[in-house]
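**Q** Residue-level listing of the chains:
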Amino acid sequence: MAEERQSDSTMREAATVWRPATDDDMDVSLLENSLARTPWERMQANDDALRFADSLRAAMVKRNAKP
Amino acid sequence: MQNLSELMRRLIEAQVEFVLVGGFAAVAHGATLVTRDVDICCRFNEANLKRIQKALAGLRPVHRSRPDLPLALTPEPCASLKNLYLKTDLGIVDCLGDVLGVGDFESVFEHSLEVELPFGNCRILDLEALIRAKEAMNRDHDRMTVRQLKEIQRRQRQS
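For the record, the sequence lines run as chains A and B.
If you count by my numbering, then the first sequence holds residues 1 to 67, one letter each, in order.
If you count by my numbering, then the second sequence holds residues 1 to 159, one letter each, in order.
FYI, nobody ran anything at the bench for these hints, they're computed from the structure.
If you're wondering where the values come from, they're calculated on a predicted model, not measured in any experiment.
Listed next, the stretches of chain B that the computed footprint assigns to chain A, with coverage defined by at least 3 CB atoms under 8 Å from CB atoms of chain A:
#1 1-11
#2 24-37
#3 117-126
#4 145-156
The beta-carbon is built from N, C-alpha and C at its ideal position, and this holds for glycine as well.
Excised from the complex, chain A in its bound form (with noise of 0.2 Å):
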């Protein structure tokens, strides 16, 4: 019983967690770390997405080629 209750805690508090960084459809926290960045890193960090983008699709063409 004690246990469930634990457990109803967690949720709760993890749904209070979740909600408020997807709202609206919409990451903030994702959108604050951006905001916490200057223009010149955020630049930067959309270049490394794109590389790591690049390197996955890369990989799966790979994994997926006839041998």
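Since chain A is already given, all that's left is putting chain B on it; use the hints.
**A** Showing chain B alone in chain A's frame:
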């Protein structure tokens, strides 16, 4: 390999007269959606177009619609060009003579702000005009960007 930041550095160091618009401008303002190209609004005169050519030298710039056509500007096409859609080794650069929802280069310049980057200052379309431009484009990813830009604008007004 994509490197939009390096493209920016080259454009600034070649003293191209331009305003950063589009998705990369949204990124500079704080939007988190990843973009794959650099969109600039620039003055379409011969001197400025030659600066663009100089900035992209060595990156094998070609016209996106005609990849067999390398960028080789001569005075004649410079006079008639309105837009320039380019592909380079570092990524796509779209050079626009005007921006939907904002206007020609003069209007875009009027609605821009100066941002300090490590290698020089750069003009970026301001939030309000960028929102107008993105609303005018109205594609799926533009609508998502607009929502983020409006949230950024709301926070700026609060602080």
